[in-house]
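J.: Start from chain A and add chain B according to the hints.
Protein chains: 2
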Amino acid sequence: MDRLLPSVTDEPHIIHEAMRYSALDSGKRLRPILTLSACEAVGGAVEAAVPSACAIECIHTFSLIHDDLPCMDDDDYRRGRPSLHRAYDEAIALLAGDALFALAFQLICETKGVGEDVLLQVCRVISEATGTGGMVGGQVLDMLLEGEEVTLEQVQEIHRLKTGALIKASVVVGGLIGGASDSQMRALNGYGSNIGLAFQIADDILDLIGDQEKLGKPVGSDIKHKKATYPSVIGIDESARIASEAVAAAISAIENFDERADPLRHIARFVVERES
Amino acid sequence: MDRLLPSVTDEPHIIHEAMRYSALDSGKRLRPILTLSACEAVGGAVEAAVPSACAIECIHTFSLIHDDLPCMDDDDYRRGRPSLHRAYDEAIALLAGDALFALAFQLICETKGVGEDVLLQVCRVISEATGTGGMVGGQVLDMLLEGEEVTLEQVQEIHRLKTGALIKASVVVGGLIGGASDSQMRALNGYGSNIGLAFQIADDILDLIGDQEKLGKPVGSDIKHKKATYPSVIGIDESARIASEAVAAAISAIENFDERADPLRHIARFVVERES
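These protein sequence lines map, in sequence, to chains A and B. Residues 619 to 894 in the numbering used here are what the first sequence lists, from first letter to last. Residues 619 to 894 in the numbering used here are what the second sequence lists, from first letter to last.
Pulled out of the complex, with its shape left as it was, chain A reads as follows (with noise of 0.2 Å):
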């Protein structure tokens, strides 16, 4: 991410240093994770999917970010530190995540050693999981459903669609890039479905009873904006168990994998077993 990112010398500087600021803090780099790991998991060459990696880091950064300003969830802190617009301000907030989002299409468009159809195909899952089929879809159910009493159905959609779109799509193209077949690319689709509910719910559940040290950043916040989440809806003990069914359905969907998909399996017990 350090290298692919502008850097602070290039003009304007603080608009640099803001997507630096929150594309290179703490975070998990969960998605990037899962991208190399896919595409090590099919037999592919994982250097050639660093660009894509970063960029869904990016499009994840953007999205915290816009999610954190004071007209969408009004959140001061992100990962222990002050959130951009607390940072900077509300104006360089909203445009370094739009600058990360166009940075996250040059950096897939700049790749060298894939294939120019593959590199397409790439811009266009991102693209789909990003806009209102995904991410962006969900966050405006999510607004949507704040306050509301909700039924499981509609917290699997806003779940499926905020943050299970972006999860299952670093897996998708870490497979495109490392040229998974058809079979590989069905088994990849299954793996991160689940892999995105699992790493939802546990997130539903840290919110509820994590550590706010190791959170960095306070728990409740969910009750507080009365967001619509498994825990609230069907009790902790009984979303604790579905998390842990998804885990086992995404190591069973890679079954047919070797031993190059060992990392995507140790991915699948942390999303359940982290802490933060």
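Where hints are given, some of them may not hold.
Treat identical chains as interchangeable: a pair holds within one or across any two.
Stated by the list, open to error - Cross-link-like lysine to any residue pairs, in silico, SDA-like; alpha carbons within 20 Å at most:
1. K835 - L824
2. K730 - R742
3. K845 - D707
4. K845 - I632
5. K842 - A709
6. K845 - A709
7. K844 - A709
Just so you know, these hints were derived from the structure itself, not from any lab.
T.: Leaving out everything else, chain B in the frame of chain A:
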């Protein structure tokens, strides 16, 4: 645009309504017309350029939506109607902008009948023109220099990035899809740079002496926001002279093109003669 934008019957309705509210208004459509005209000028099939032309209009619309937000220019009106955050709210406006950005790349990636290598180049040109080396970079410079004493070079740089880059990209993309030769592409680059310059100077002048009714927004907003403009640095007459020179240079850049470039020639003259 109407056909390529998501339907309001698609869930979540509100975001698709908001995207259509801004994208289907009474804009001039300068950028998509430039794309189609540049494609025609080099003998390409205009139909093949339609998705990319609409993609560029989506990018332009997203930039206007974010530009109008309270943390940016805080403009309540756009083209004679309430700006999007006034018609809906800030969160929907923010997300509708993001969604139009994502849709732009979806439209390009889904284009039929154009080579994947060409479509990838289109993605690259558009993402470069949008990020910190283009539109976003120009907006940041514009903000940083608000209220400052600026030089002509600084105004040139703001305009080149903020509006020039995407207008030039509109022309270049039409050339790419139309299969322009290297020499045709050089000519289109020259045309695009000059037309972008002329357009922005004309915009600055209209903001000073235009007809509020025809513009659909209050005149004098650049002065209100203490924006760096050509007339504020070198006066109206000298600004008008430079705009006319740029139009002549644009037309001269494509002098070797046949009558299929007449639409580009008409647009060049329209850019400085328009009243809105």
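J.: Compare the structure with each hint and give your call.
T.: Verification of the supplied hints:
{"no.": "1", "hint": "K835 - L824", "in the structure": "within (11 Å within a copy, 48 Å between copies)"}
{"no.": "2", "hint": "K730 - R742", "in the structure": "both (18 Å within a copy, 13 Å between copies)"}
{"no.": "3", "hint": "K845 - D707", "in the structure": "between (26 Å within a copy, 19 Å between copies)"}
{"no.": "4", "hint": "K845 - I632", "in the structure": "between (34 Å within a copy, 19 Å between copies)"}
{"no.": "5", "hint": "K842 - A709", "in the structure": "between (25 Å within a copy, 18 Å between copies)"}
{"no.": "6", "hint": "K845 - A709", "in the structure": "between (26 Å within a copy, 16 Å between copies)"}
{"no.": "7", "hint": "K844 - A709", "in the structure": "between (27 Å within a copy, 16 Å between copies)"}
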